[in-house]
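Trainee: Go by the hints and put chain E onto chain X.
Chains X and E are the protein sequences, given in the same order.
Residues in the first sequence are numbered from -18 upward in steps of one, following our numbering.
Residues in the second sequence are numbered from -18 upward in steps of one, following our numbering.
Bear in mind the hints are in silico, worked out from the structure with no lab data behind them.
Quantities reported herein were computed from a predicted structural model and do not represent experimental measurements.
One thing to keep in mind: the hints can contain errors.
[Stated by the list, open to error] BS3-like, lysine-lysine: derived pairs with alpha carbons at most 25 Å apart:
1) X/K190 to X/K103
2) X/K130 to E/K130
3) X/K103 to E/K2
4) E/K103 to X/K26
5) X/K130 to E/K26
6) E/K190 to X/K2
7) E/K190 to E/K130
8) X/K204 to X/K130
9) E/K132 to X/K26
10) E/K2 to X/K190
11) E/K130 to X/K0
12) X/K0 to E/K190
[Claimed, not checked] Sample of chain E residues facing chain X (criterion: CB under 7 Å; computed from the structure):
13) K2
14) L5
15) S10
16) N23
17) G108
The beta carbon of each residue, even a glycine, is placed where N, CA and C say it ideally should be.
2 protein chains.
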Amino acid sequence: MEEQKLSDLGEFGLINRIKEKVSLYHSESIKGIGDDAAVIDNGQKYTLVSTDLLVEGVHFDLAYVPLAHLGYKAVAVNVSDIAAMNGIPKQITVSIAISSRFGLEAIDELYEGINAACENYKVDLVGGDTSSSRSGLIISVTAVGEVEKDKIAYRHGAGLNDIVCVTGDLGAAYAGLQILEREKQVFLANPEMQPELDNKSYVVGRQLKPEGRTDIVHELYAKGIVPTSMIDISDGLASEILHLSTASGLGFTVFVDNIPIENQTLETSSELNLSPITMVMNGGEDYELLMTISQADFEKIKGIPEITPIGFVTEDKNNVLVLNSGERAQITAQGWNHIKP
Amino acid sequence: MEEQKLSDLGEFGLINRIKEKVSLYHSESIKGIGDDAAVIDNGQKYTLVSTDLLVEGVHFDLAYVPLAHLGYKAVAVNVSDIAAMNGIPKQITVSIAISSRFGLEAIDELYEGINAACENYKVDLVGGDTSSSRSGLIISVTAVGEVEKDKIAYRHGAGLNDIVCVTGDLGAAYAGLQILEREKQVFLANPEMQPELDNKSYVVGRQLKPEGRTDIVHELYAKGIVPTSMIDISDGLASEILHLSTASGLGFTVFVDNIPIENQTLETSSELNLSPITMVMNGGEDYELLMTISQADFEKIKGIPEITPIGFVTEDKNNVLVLNSGERAQITAQGWNHIKP
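Bound-form chain X, shown alone (with noise of 0.2 Å):
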C-alpha cells in the first residue's frame, strides 16, 4: 500500500485528522480546534488564542514584501481572528526563526512593522521565541483576546432567515496579490524597469498591509449587535461561506449584486481578464468579516456603513450565488459552479 500523501489530504483535511485524535481534558476548553480562535473560560469572560504561521516562499515573497509590511501583517491576520470572535485582541507573542542570509537591519525592520501594528491595534507584544533557520525566514504569531461571554460569536450558530452580511470590499488583495507577481516577473525580465503601480496603489496596500477588522468590532458593540455566526475572510468568500453553513447546517444565498468591490479592483479584474466575482469567491486574504446577523438586528446595521448585507440564510443546504443575470449558481469550496438547468 502506498504511503497517502499530505498533498492528497490538503489542509482542512490535515486539520480534521488531527482534530480527530484530540481529547480535552478542560471544562474551560469551551471551544478547541475549528474556529477562529479556541475559546477558554477564565471565570469572568472568554479568553480567546489564535496561531499563525507564516512561511516564507509560501505565505510571502520577500521580492516584493517589505519587511516592516510582513510584520505588520502578521500582527494583522491574527488580530483578525480574535476580531472574527467577536473578540478584542490584547495581547501578541512573535516567534520568528532566520537564516543566516538576514541582518540585523532586517529584524528591526521587521519588528517595525510589528510594533506599528501593537500600536494601532493596541495589542501588547509580551513574549515570543527567536531561532535561527536553515532556510528563509518563519513568523510565527499567537494572539490573545478576549470577550464577553455573551458577546462571543463562532462559526457555527447562523439561524433561519438571518441575514449575510460583509464588512469593507473584496477581491481588492487578490488583485494586488496578481499585481505584484505581474511586476515582479517583468523585474526578473529586466531589472531596469520600474514597478508600475502608480494607479494600483489601493489594491495592492490591501495585498500587503491588511487590517483586522477590531473597529467592526467596537461598532457592533455600540450597536448592541451580536452575530449570530462570523468568520474572517482569509481564504476566500466561496470557502468562508462554506465554513458556516456547514458549522450551522444551513444553506447561504448571496447576490453577487450586492457584493461591495472597490472601482479599482473592478478595474484590475478587467486588465487581468479575471472575473471579478472569481477574484471575491476564489481570492483570499482580504481579512474582512462574513458574519449573520439575525432579522431583528437590521435597523441597527444600517447605521454601519462599513458593513453590507449581501443575502440570507436558507433552510435548503445548497449555497447559491445569484449572479446578475438572475442566474443561480452552486457555491463550492474552490469557488462557484453554473447549475446545469
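Mentor: What follows is chain E alone, placed relative to chain X:
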C-alpha cells in the same frame, strides 16, 4: 559602517533589543518579555502564555530523534515554561510547517507524541496552524496555563539568604546528546553498525523525552511553598543562575558537592572525558527547575525528595561555585571560571 551581525548580538541580545522597543498598552499585561511565560491578569487568576519554536537542523536532528519523541518534547518544553512560573498548563496550540519529504505517517507519528504529552500533562490541544515549508520541519507550540495570583513565581524575587534548590538531577540530557551524536557519527561511517545505547538508556531518554516538572508544582502547592523565584533549566545551570541572580540583584553561591547528578551521567562524562560539572553548568535541556526558597520553608522542602538544596543567596552579587576542593569559582554565562587567587 558595516551592518551589525545577528550572530554578534546573540539570542539574549536580540531579545533585549526587541524588548526595548516594546510598549505595553494594557494594565492586564502583568509581565511581558523576559520571564519563562507572559503573565496576564484575567480577573480571578493569572493566565500564563509561553511559546517555543523548534527548527529542524537547529533544535533537533531527525537522524536520531524519532518524530513521536519530538512531538512529546515540543509539548514538554512549553509545559516546563508554565511550571517555571509555578503554574499549571491547561491548553496548547501547535503549528507545524513541513516540507514535502514528510508523508502522512510522519505527521501521524509526530501527533502521537504530541497527544501522549497532552494526555500525560492533561493539556488540551485547542488550535494551531499547518503549512508547507521549503525545507524541513518547524514546530511552534504555545502553552496557556494558569496560576493563583498569590502563587506565581517570577525570575525576580530571590531574597537574601534564600535557599537555592534544583529538582531532579542535572547534566543527563547533555550526556545523552553527546552519546546520540557519537552514535550518529559511527552510523555515518558504517551504516551496518548498530548503535550502542544499552547502558545509556537513562541519559538518552533524558535527551529524547524530557519532562516538564508540573509534578513539582503540585508538590509545592500541597506543601504550601511558593518559591521566591524560579526558572526552568533549559540552557545549562550557569545561565539560569545568572538569570535569577540578575533579576533579583543578589548573588548565588552553589556547592558542586550538592548538585544532584545521576550515576549514568557521571559514567558517561568519564567515558567522554568531559567534566560532569561542565556538563551541568554549560549543557542544557534538563528542563528541571531552579528555584529559591525562603529559609522559613526549609523544613517543608525536606518533605519533597525531588527537590535538592544546592546553595544560598548572598548580598555579594558575585555568583560563586564552591568546588569539592573548597576552591571558589566564578559562575559565568558560559559556565564557570576558576577565580585567580
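Trainee: If a hint holds in the structure, say so; if it doesn't, say that too.
Mentor: Here is what the structure says about each hint:
no., hint, verdict
1, X/K190 to X/K103, "holds, 17 Å"
2, X/K130 to E/K130, "holds, 22 Å"
3, X/K103 to E/K2, "holds, 15 Å"
4, E/K103 to X/K26, "holds, 22 Å"
5, X/K130 to E/K26, "holds, 17 Å"
6, E/K190 to X/K2, "holds, 21 Å"
7, E/K190 to E/K130, "violated, 31 Å"
8, X/K204 to X/K130, "holds, 17 Å"
9, E/K132 to X/K26, "holds, 22 Å"
10, E/K2 to X/K190, "holds, 21 Å"
11, E/K130 to X/K0, "violated, 33 Å"
12, X/K0 to E/K190, "holds, 24 Å"
13, K2, "holds, 6 Å"
14, L5, "holds, 5 Å"
15, S10, "holds, 4 Å"
16, N23, "holds, 4 Å"
17, G108, "holds, 4 Å"
Hints 7 and 11, counting from the list given before, are not met by this structure.
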